[in-house]
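Knowing the structure of chain A, use the given hints to seat chain B on it.
Chains A and B, in that order, give the protein sequences.
Numbering of the first sequence is given in this note's numbering, commencing with residue 1 and proceeding in unit increments.
Numbering of the second sequence is given in this note's numbering, commencing with residue 1001 and proceeding in unit increments.
Honestly, I wouldn't trust all of these hints.
Below 30 Å or equal to it, Euclidean Cα-Cα: the simulated DSSO-like pairs (lysine-lysine) are [what the hints assert, rightly or not]:
#1 K1264(B) with K568(A)
#2 K610(A) with K1264(B)
#3 K1055(B) with K1029(B)
#4 K1051(B) with K568(A)
#5 K1051(B) with K1196(B)
#6 K22(A) with K162(A)
#7 K22(A) with K85(A)
#8 K162(A) with K85(A)
#9 K1196(B) with K1029(B)
#10 K489(A) with K568(A)
#11 K1196(B) with K1264(B)
#12 K568(A) with K1029(B)
Across the chosen pairs, the derived CB separations fall in these ranges [stated by the list, open to error]:
#13 I1156(B) with A544(A): 27 to 33 Å
#14 G575(A) with A1149(B): 47 to 53 Å
#15 V1257(B) with I234(A): 36 to 42 Å
#16 K489(A) with K1055(B): 32 to 38 Å
#17 I1019(B) with P517(A): 33 to 39 Å
In short, the hints are calculated from the structure, not lab data.
For glycine and all other residues, C-beta sits at the position ideal for the given N, C-alpha and C.
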Amino acid sequence: MQTLLFLILFPILVACLLLFVKRTTVRYAVVALSALAIGGGSIYLLVRYALEGAVYFAAPSEAASLVMVAIEMGLALFIVYMGAKFRNYLAIALAAIQAALVVYLEGTFSGSLHAVNNLFIDQLSIIMALIIGIIGSLIAVYAVRYMETYHHHHPEVRDRQKMFFFVIFVFLAAMFGLVFSNNLMWLFFFWEITTISSFLLIGYSETEEATRNAFRALVMNLLGGVAFVVAIIILVATEATSGGIDLAQVLASGDTAIVLIPAVLIGFAGITKAALMPFSSWLLGAMVAPTPVSALLHSSTMVKAGVYILVRFSPVFAGTFAGFSIGLVGAVTFVVASAIAISQSNAKLVLAYSTIANLGLIAACAGVGTYMLVWAAILLIIFHAVAKALLFLGTGAIEHRIGSRDIEDMEGLIVRMPRMAVMMFIGIAGMFLAPFGMLISKWAAIEAFVQVPFGLVFIAILAYGSAVTVFFWAKWMGKLVAVTRHQEKVEKGFFEEPWAPLYIITGLVIAAVLLFPVISSILIEPYVLAIYGVTALMAQANVAIMLLMMTLLLILPVSFLLFRRSAKSLPAYMGGRTATPDLHFAGSLGLTREAQTRNYYLTEYFGEAKLFLPGAVVCTVLILASWVLAGVAL
Amino acid sequence: MTWTWLIGAVLFLVLAPVIGGLVAGIDRKITARMQGRVGPPLLQPFYDVGKLFEKESVVVTTAQNFYVLAYLIFIALSGALFFAGGDLLLIIFAFTLAHVFLVLGAYAVHSPYSHIGAERELIQLMAYEPMIILAAVGLYMVTNSFYVADIAVSTIPAILYLPGVFLGFVTILTIKLRKSPFDISTSHHAHQEIVKGITTEFSGSTLAQVEIAHWYENVFLLGFVFLFFSWNPVIGVIAVVVTYLAEIFVDNVTARVRWQAALKSGWFAAVLGIVNLAVLAYILGYMMTGGV
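This is chain A alone, in the form it adopts within the complex (with noise of 0.2 Å):
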């Protein structure tokens, strides 16, 4: 249990040191030993309990618990004065009426509000806690150079990077807790942690814009509070059945129609957190934040515990309609989300879009939560974290590079930015290509829907949304390799951040690929087997060719040294005009002309306007079913 406490304690430690640290080479030591601490006190936690299976722990419960009520108020305070200041009254609403919530559960069931044990551990925590420990940590160190250049290019945004650190830390302490609480009263109160911070990290530039978007962010997580504490006061009320607020017991009882409803009430909040649709605006918006905020929202923590809190409940959800319809709008939210990307240029809007793809696919598969769904689910938390961090923070390091952020402009990055170049590529591999983690678990989820009963819907929707994420992932990765000619080097810049972070990712990437059927056995395999007394696992001879795929890829770069010297070099055919290697070409009146090349964006087909209202729509209904067909199921 120790161990539990200081990964969620030591983060809000290190918060509080980095409140006084001023100078940025003493906080990059501080931030780089306690990332190191952070980083090895996971795997700590993955080497002490991988094989022990769910193991519970008392903890103390009554001073905490009072802890926690009391900085609850003392946040909906907060916010209260937040929404005067910017008179975003709904913001005050919403946090008025979450807070009396609390209340009135405090005064009227205060009685229920002690579980026996407050904090566990299992399988599918432990993998969260890796991926907030190692992922979450690394984003923070490269936040630290990050900032400062950060700074250096934006003059005009106040320097508040003491609260910056602060708040980033806390939030990763917040993520530990929301990962080990079995009480789902402390998982309630790390969950509106996680809200707050990541409205104090959207809005650090203080911009209008910045500003309104962490409101926005604020009022659709709060909105999720709201059905979260409303789920918990329905759970504590119907205790006997339910098994009230303790989260293994609620997971376990027997009277599942009871538990269904606080269940997706819970799954509302989780499709909050997690940007499906309606509610993906607020990931879009806190694109304004600092790189490395968006990358820690994206990649490891926020929609994260989102998605953990469906796939927690999956197995309340499997084979219920209301489950279904839950599933339902993941899936949508998939094949939307990833057509809308096809239509931006904007690097970090396209991955932002394919965040909320993703989450949409990991919340289909945790609505409709067969034991291979759930297999699946968690895989692809696991290589969509990996993955979208090192994408996120490869695009903050071109774009201070390069000074811009659009896939157009990052054209020949292979011959300016070339190691960098090699990482995206392998990030954007990672996302959609076999035998790379992402699709692996795409395979997964198909072969599983085909099994489950009207699992045709989903087979079409994955069918279609596999298309179109080829279709935008590809010509982002061409743009990366083109060969572009006459181009100087740009990899080094006076302000060069370390790339040790990244370095780090890129090979956690490929780790991810080679070592996924030792993750699956040792980790998923196990925590599917006892929830659903069966487990997925994927054909031995299907894992060997696929190690066999990784080989052939990472040996085929090899060739390169067979190229070398044997080929003569001519420009590019130009029409027969041609002026310059470098796409110049001989005009007419001896004009000398540039030819450029640009990607094909079908903003007619999958433009915003066009695709998001009617998703949004689609979501909206479908979640409104989710709740009356719950409803029906009492």
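Same frame as chain A, but now just chain B:
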């Protein structure tokens, strides 16, 4: 553990280029006859490829050779997996990977013509991907396995249950065989309006590799067609021949369409497949209950 699967893979790797080249030769002969020409000798495709290998090695960037080699290797690998009796979905994903390499090769040269070819190739990929996945799912529903080895020996006449899926598959087969009206990224016909599309900058042995990869690919695709009829090998072979002849016919009587039409056709074909599967699942009660 038997090693028969290895035989299938090796046979494919050795024989597919021969068969693929012959099919291309027959194709050109028949096409010529349809156009009232005599046509080249049957072995002309081999002569062409042989000659390409003798050409001087010329590149825009050396990277292009790498991508094309990767394309060839992964096409051969997916075909070999297919004839080894492997998992259809994995084969489809390896197949997609191969094509992404070809597209990257075209991007790498940074040339206006191959750039347009690359974009169009990606649109083609997007057009056929849903249907090819649905075809695999359809075969699974009927035969209860994703493995080619099981599907091939199934005694169930899959085609009778999957007419819509088959029709959809044949539609995207036109895209895959690079035949009119869907040969938008590159074409064997002279009336190609974007120079040579995706292969514009490939020459010599690199172009020869693209051609050989295409032969591998065609044999693999014809094998896929065979799966719909595999309960009776004789009918299966006849069906494959008829299908290919029909593709040649369509190739010669249609004009190239715009990419929008190609995309819509591919996606509509998939709708056809979905309707077929829905009927199978919900009306005929063919529950999608596979093995564990």
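Okay, the hints, checked on the actual structure:
Distance hint between K1264(B) and K568(A) is unfulfilled; the C-alpha atoms sit about 42 Å from each other, more than 30 Å. For the suggested pair K610(A) and K1264(B), the alpha carbons sit about 17 Å apart, so the restraint of at most 30 Å is met. Between K1055(B) and K1029(B) the CA atoms are separated by roughly 25 Å; this keeps the pair inside 30 Å, and the hint holds. Straight-line distance between C-alpha atoms of K1051(B) and K568(A) comes to about 18 Å, which keeps the hinted pair within the 30 Å bound.
For the suggested pair K1051(B) and K1196(B), the alpha carbons sit about 19 Å apart, so the restraint of at most 30 Å is met. Pair hint K22(A) plus K162(A) holds up; C-alpha atoms about 7 Å apart against a cutoff of 30 Å. Distance check on the hinted pair: K22(A) and K85(A) sit about 28 Å apart at the alpha-carbon level, within 30 Å; holds. For a cut-off of 30 Å, the pair hint linking K162(A) to K85(A) stands: about 22 Å separates their Cα positions.
Our distance criterion of 30 Å between C-alpha atoms is met by K1196(B) and K1029(B), whose separation comes to about 22 Å. Pair hint K489(A) plus K568(A) holds up; C-alpha atoms about 24 Å apart against a cutoff of 30 Å. About 24 Å separates the Cα atoms of K1196(B) and K1264(B), which keeps this hinted pair within 30 Å; it holds. For the given pair, K568(A) sits about 35 Å from K1029(B) by alpha-carbon distance, which is inconsistent with the 30 Å threshold.
Checked against the hint of 27 to 33 Å, the C-beta distance between I1156(B) and A544(A) comes to roughly 29 Å, which is consistent with it. Here the CB-CB span from G575(A) to A1149(B) is close to 50 Å, well matched to the stated 47 to 53 Å. Distance hint for V1257(B) and I234(A): a CB-CB separation of about 57 Å, inconsistent with the stated range 36 to 42 Å. The hinted range of 32 to 38 Å is satisfied by K489(A) and K1055(B), whose Cβ atoms lie roughly 33 Å apart.
One distance hint, 33 to 39 Å for the beta-carbon pair I1019(B) and P517(A), holds here, with the actual separation near 36 Å.
Consistency with the previously given hints fails for numbers 1, 12 and 15, ordered from lowest to highest.
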